[in-house]
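J.: Given chain A, work out where chain B should sit, using these hints.
Sequence order for the protein chains is A and B.
Quick note, the working numbering runs 8 ahead of the 1-based positions in the first sequence.
Quick note, the working numbering runs 306 ahead of the 1-based positions in the second sequence.
Heads up, a few of these hints could be off.
[Claimed, not checked] Derived EDC-like pairs (lysine to aspartate or glutamate); straight-line CA-CA distance at most 20 angstroms:
# : chain 1 : residue 1 : chain 2 : residue 2
1 : A       : K77       : B       : E702
2 : B       : K317      : A       : D45
3 : B       : K347      : A       : D67
4 : A       : K77       : B       : D314
[As the list claims (entries may be wrong)] If you want the ones that stay clear, here's a sample from chain B, every Cβ over 12 angstroms from chain A, calculated:
#  : residue
5  : H313
6  : M323
7  : L334
8  : F362
9  : A452
10 : D666
11 : S673
12 : N738
13 : A751
14 : Q790
By construction, these hints were calculated from the structure, which means they are not laboratory data.
Using N, Cα and C, we set each Cβ at its ideal position, and we do this for glycine too.
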Amino acid sequence: MAFSTAIMGSSDVFGPNTGTSIATRKEASAAGEKIADQGRYGDTMVIHASPFTMKLLTDIGGANTFNPKTGMLEFYNVDDLLREKVGY
Amino acid sequence: MSNNLTHDQMKRIAESMANMGRNGDSELVHVMPEEVALLEKIGAGTTNPRTGLREFNTTQEKLNAALKESGGSWTKEVNDLAKQRDAEKGQVYDTKTNTYTSTNSGGNNNSSSTNSQGDNSIRQDLANWLTPNDGMSYENGVLVNADGSRVNQNTSYQDAANASTPFDGKSYVNGQLVNDETGNSVTSGHDSVFKTVANIVGLVANPVAFVAGKAINNAFDKDGDGNMFTTGGEFTFFDNNKDSSTKSSTTRTIVNNNDDNDRPATTTASTQSTTGGDTDTTGASNEAGTYSEISDVPTYRAPEFTSRPERRKFINYDYTDGTGKPVGTYNGNAKPFHVATSAESMESFVVAETASNAIDTMVSNMSPEIQDKLKGEISVQLTADNQIALYVGNDETGYVEAVYAADDTGLNTAMTDVANMLAYGESSGDLNIDAGYSGRVRSAARFTGYDDNTLNQQYAMLKSEGSNYEQGSPLYLLWLERVQEFEDEIKRRDGDPAASSADYSVAGVTRSVAESAAGFFA
Chain A
9 MAFSTAIMGS SDVFGPNTGT SIATRKEASA AGEKIADQGR YGDTMVIHAS PFTMKLLTDI
69 GGANTFNPKT GMLEFYNVDD LLREKVGY
Chain B
307 MSNNLTHDQM KRIAESMANM GRNGDSELVH VMPEEVALLE KIGAGTTNPR TGLREFNTTQ
367 EKLNAALKES GGSWTKEVND LAKQRDAEKG QVYDTKTNTY TSTNSGGNNN SSSTNSQGDN
427 SIRQDLANWL TPNDGMSYEN GVLVNADGSR VNQNTSYQDA ANASTPFDGK SYVNGQLVND
487 ETGNSVTSGH DSVFKTVANI VGLVANPVAF VAGKAINNAF DKDGDGNMFT TGGEFTFFDN
547 NKDSSTKSST TRTIVNNNDD NDRPATTTAS TQSTTGGDTD TTGASNEAGT YSEISDVPTY
607 RAPEFTSRPE RRKFINYDYT DGTGKPVGTY NGNAKPFHVA TSAESMESFV VAETASNAID
667 TMVSNMSPEI QDKLKGEISV QLTADNQIAL YVGNDETGYV EAVYAADDTG LNTAMTDVAN
727 MLAYGESSGD LNIDAGYSGR VRSAARFTGY DDNTLNQQYA MLKSEGSNYE QGSPLYLLWL
787 ERVQEFEDEI KRRDGDPAAS SADYSVAGVT RSVAESAAGF FA
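If we strip away everything but chain B, and leave its shape as in the complex, we get:
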């Protein structure tokens, strides 16, 4: 056929026709008949009604388009496409149990892919089919040489991730997660919190100041409830009729005016002193009966969560060589000396108060039951070097300080991470905010969607391939990092005390930052 069109005209026509694509078809491309035949084999080929050209949308793409068109409603078209997609993946969805069952087991595979090698993805089967003589093939999702040795530098965990999510737009290639379209490195496949943290450090108790503070508290904490101002966890009222030197506290909830031995604990005052971990408690009865007529006054329990901690207490934390780990940050800064200066200016006060108000608002939106159970501290301070510092933890386990870049979005980003923390607490029931909390939040986000079985299976798979890597090599270190990530998540789920420590958070947040940084340098 003769062609009188110039190249420029040809390009314009091509562009115009490309615009007639539908369901995500954005390009018009030159292909070979063999390639078209192969695409037809997948069974997705249809004809574009406007151009008459073949198009090869996957069922998933059609499903996405149908869902978009229906505004998210589950129409008959959406339902049919979902069924078709499941059938293509060899799965049947059981609406009663909300589970998928594979139809590929037992050799009864009805799909057109008759040469499937175990758990290969469609792409991997396709590659096998196309290049039968290249000395390599995919077997069970892993690219191997003719002698069975691995070719791909992915871990089996990464290969499994590729096979299980073929349409998510991301793939692991030689150990790196890359964007399918651009080939550039991308960050974790899951939403990650703490990505924008500029620095992270654990605060461990200073042996001198912290113990001194405790001793003072204990001297006045008559009932041993951990707070010198409360009795049995409740705010107390001082009896002004008594001499100040012998002042004791009682609560207005006393209802028992009997002198028998089963009076409530709130009627008993005690003194405690702590030396070297030993506790000496001396109990002393007070005049409970004196207040027996007060029985219907509602009590107020002090909240165990606060967004307004005593700022100066952070001075009492030692970053460098305290009573435990960690002593460093992911970027090598061992001592962020800007701490505890937030109350020094109007601006720092406003930032801290604004953040506290926002945190309190978030907490107030949680259910009352959750609010009652929430313990610990989350606060934001402006530091002397004008950065946003987020403190998370409690006095028992210490705190973690996460620093955010001092730009316009710094505070917003920090508050988003706080919102994620509270959302995690509400959904998981993990409401004891301690030094390890940030790490647990990050780990839970990283392993969203992994049930215990999947987690254990992938962990076992990952562990088993450690011998494939030369110790100390970059791939070995990458493998080790992944192993630690899995182990941390297992600790979180098991309630391991290690998951409450500051170093648990430092390690977790550091991973989050590292994943984010990997994207920057792609």
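One chain only, chain A, in its complex shape:
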């Protein structure tokens, strides 16, 4: 997966001084990319989320299950998955 699609807006990372070294930011970005690769059923990105954002994602059909590889919550679309698996 291309870096730019894995982490939207990542170019912003290397902009103004954020108080975190460029090396650390690069490292974090690379780690984010690796983690994003572990998504399943259409989850190809990772984002920071507050409880409100997670509620929103659940409300709009997100799975709100745990990814077995990363232990992170995942919000692939349940309807899409069912359509794909069951064919309804």
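T.: What follows is chain B alone, placed relative to chain A:
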């Protein structure tokens, strides 16, 4: 891209990156590009400077964080965020009138939500946009089927509450208020008093004992001011020079030594007797002129509020079949037979006195004007079965006994409720503590923030949907309970005499307890 990391390493990296979230972002989550695109549509997407990952804090969350950082000061950043939040909600705040004006009326909505259905919340519009073919949609905040019938089991009042407070962390789902994060049921969205009351009962006057007590008082109450020891509401001094059988009382405030007819009422003694509600008053002049030289002695008016009522008088109240309602409690106990035993031991005396001192301290912190106007009784007694009983009311309307659990916090909780009562009295001007007072306090707390218009509108809306529910069904009963709650608040605001009755308090406190209990069983 190849991955040589183990799952365990991956989890640790994810956890570490999640900790780099800001403004309330507590998790790192897997999402689909379509979902991210949708979140971007809300217009809240920014990039976390430490991780380079997208984050989607709402403006309200940013505002909260900025306020926290500024220590509550209204900085430029806070101001800008508040403006941005208002604009996103389609509102403009007028600092002159302290009111909000909607910018969504008249079809001139400039927001990005071009397919908004009337009064839908952002979430509801979002749901419509995402699921166009599921046969359901939100219209004016209500989830309806394609044929227009309601899908959601919420009342319109509950839907309106959802739409008006999208960021409060709580929502009504199928008639139940739930925590947005956990999905568990929560109690009322407003702070509620009397939540920890273990039992509540109204005390109505016993027809025999109460009237007998009144008759005795009336026989000695020469001036009809309701107290045999005062004249015109003021403490009196007996004239020891007179024979005890004809002893009459005068006050030291007498200033009028003229024998004309416009002498003050305090110079007139009278006798009253009450039989079957008829009052027979016989006036008799006394020797007012005798005391005319006493004119500069400050007078003392007996306070009309007390935290130390005569304890044994509660024996004279009948719980079961007195002269009126109510006769039962919310848990079915009709007769709390532990009443009026508080003076029977040192411990009960100490508890009652400690509470009285605390109540008096609270009252003394109120303004003098408020203290002068405060009437009625609030007292705490320890009961025979070791519970904390709070009595609120007056002799005319009766009392309400609220029992608190006999644990370490029982007394503190009762005193907190007393503090809430006094705070309500001070802020509302409702200073006549009667049997309905607890109910009025609870109702006022429940409807805090509702102006009369909002209250009436929501009441009308609620009433109109009664036909949607099958009579006797759980939803119908829930609806009925809400209607009664609104009606009680309207009675309170209208000064309806029903809001002074013991059953008004019993109903109100019972609702408070029920809401609290709903949270326990979630």
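J.: Failing hints, ascending?
T.: Those not satisfied are hints 1, 5, 6, 7, 8.
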